[in-house]
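S.K.: Each chain, letter by letter, is given below.
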Amino acid sequence: MTQRGLQTLTPVAIGEGRVGIGQGVAFAVHGLGSCVALCLYDPVARCGGLCHVVLPSAALGRPDDPPTRFADTAVGWLLDEMAALGGRKERVVARIAGGANLFPVASPALAIGDRNVAAVREALARAGVPLRGEDVGGTAARTVVFSLADGRVEVRTAGGEARVLL
Amino acid sequence: MATILIVDDSDFMRVRTRQLLAGEGYSVLEASNGQEALEKYREYRPDLVMMDITMPVMDGLTAVREIRKFDPQAKVVMVSALGQQATVLEAIKAGAKDFIVKPFQPERVLATVRKVLG
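Each protein sequence line maps, in turn, to chains D and V.
For the first sequence, our numbering assigns the number 73 to the initial residue and increments by one for each residue that follows.
For the second sequence, our numbering assigns the number 4 to the initial residue and increments by one for each residue that follows.
Just so you know, these hints were derived from the structure itself, not from any lab.
The structure presented is a predicted model; accordingly, all values stated were derived computationally and were not measured.
Possibly wrong hints are sitting among the right ones.
As the list claims (entries may be wrong) - To spell it out: a stretch of chain V is covered by chain D in this simulated footprint if at least three of its residues, at any positions, have a beta carbon under 8 Å from a beta carbon of chain D; those stretches are:
| no. | segment |
| --- | --- |
| 1 | 13-23 |
| 2 | 98-110 |
What the hints assert, rightly or not - Facing chain V, a subset of chain D residues (Cβ under 7 Å, in silico):
| no. | residue |
| --- | --- |
| 3 | 92 |
| 4 | 93 |
| 5 | 152 |
As the list claims (entries may be wrong) - Far from chain V, by Cβ distances over 10 Å, these chain D residues were calculated:
| no. | residue |
| --- | --- |
| 6 | 86 |
| 7 | 136 |
| 8 | 193 |
| 9 | 228 |
| 10 | 237 |
Even for Gly, the Cβ is constructed at its ideal location relative to N, Cα and C.
Chain D with its partners taken away, still in its complex shape (with noise of 0.2 Å):
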């Protein structure tokens, strides 16, 4: 953890979720490649979570895998875990980053970037949250910063291009 300003940056490593409350939180994604960084957010309990999702079904993965890890199963994990904290479904909006394809593929089949960020989407609109804003695709690695002041998600690619999703 590291301190920015008055904020405590919290690192969410591959396959993780993270949840808090309070402005004096704020989440960290470092080298999002093909992942995507779901940050869902209540901003009137000011609460938050963020889940590095790596691929787009748990179909995929091992029966031992976090939710946190799939698109499909990370959307609900953290609206359980928001509510816990006094999050309220109907009031929790989404911002997604990531999903970039680093390398060319052959097929879209391969295209796994493409593919979180459609299941990523597709997630949330079965779960009924709106996406705020999103930073999706293109070959550029990303890193990103979700405050929990406000909901912000703030994506810099390796290029040096910074944008806010507000």
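Assemble the complex: chain D is given as a structure, and chain V must be docked to it using the hints.
M.R.: Same frame as chain D, but now just chain V:
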């Protein structure tokens, strides 16, 4: 086997914690806010209380103070989240023995329960 009182306003947290602890052979009681926790503590005198922080009616910090007032030997573990460190510190000052940070991690919960029960 020890009796543990789980205090949380979230059904999700109570269900998961109950399943975990009951599966390990502990007797489990539940309360959905601090006031209910205080009443159940007085009635059943559990060996350990697992206490959420943000709850309606009576919050976890107040409940720790009230339970410790009633029984200075009471063993309470705070169940907190990232961002609630200041409240956890207050609870430790009020006599809480330890804390667990959400999200729910079964191994971490069991290790803390075993350590505090001694």
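S.K.: Take the hints in turn and mark each one as holding or not.
M.R.: Consistency of the hints with the structure:
1. Coverage of the segment 13-23 of chain V by chain D holds in this model, with 3 residues showing a Cβ closer than 8 Å to a Cβ of that chain against a need of three.
2. Residue count for the segment 98-110 of chain V with a Cβ under 8 Å from a Cβ of chain D: 3. That meets the three needed, and the coverage hint holds.
3. For residue 92 of chain D, the interface hint holds, since its Cβ comes within 7 Å of a Cβ in chain V; the closest pair sits about 3 Å apart.
4. Because the beta carbon of residue 93 of chain D sits about 4 Å from the nearest beta carbon in chain V, less than 7 Å, this interface hint is met.
5. With its C-beta approaching chain V no nearer than about 5 Å, residue 152 of chain D sits inside the 7 Å limit, and its interface hint holds.
6. Every C-beta of chain V lies more than 10 Å from that of residue 86 of chain D, the closest at about 16 Å, which supports listing it as non-interface.
7. Here residue 136 of chain D stays apart from chain V, with its beta-carbon at least about 12 Å from theirs, past the 10 Å limit.
8. No beta-carbon of chain V comes within 10 Å of the beta-carbon of residue 193 of chain D; the shortest separation is about 23 Å.
9. At roughly 22 Å, the least C-beta separation between residue 228 of chain D and chain V is larger than 10 Å, which holds for a residue marked as non-interface.
10. Residue 237 of chain D, annotated as away from the interface, keeps every beta carbon of chain V farther than 10 Å; the closest lies near 21 Å.
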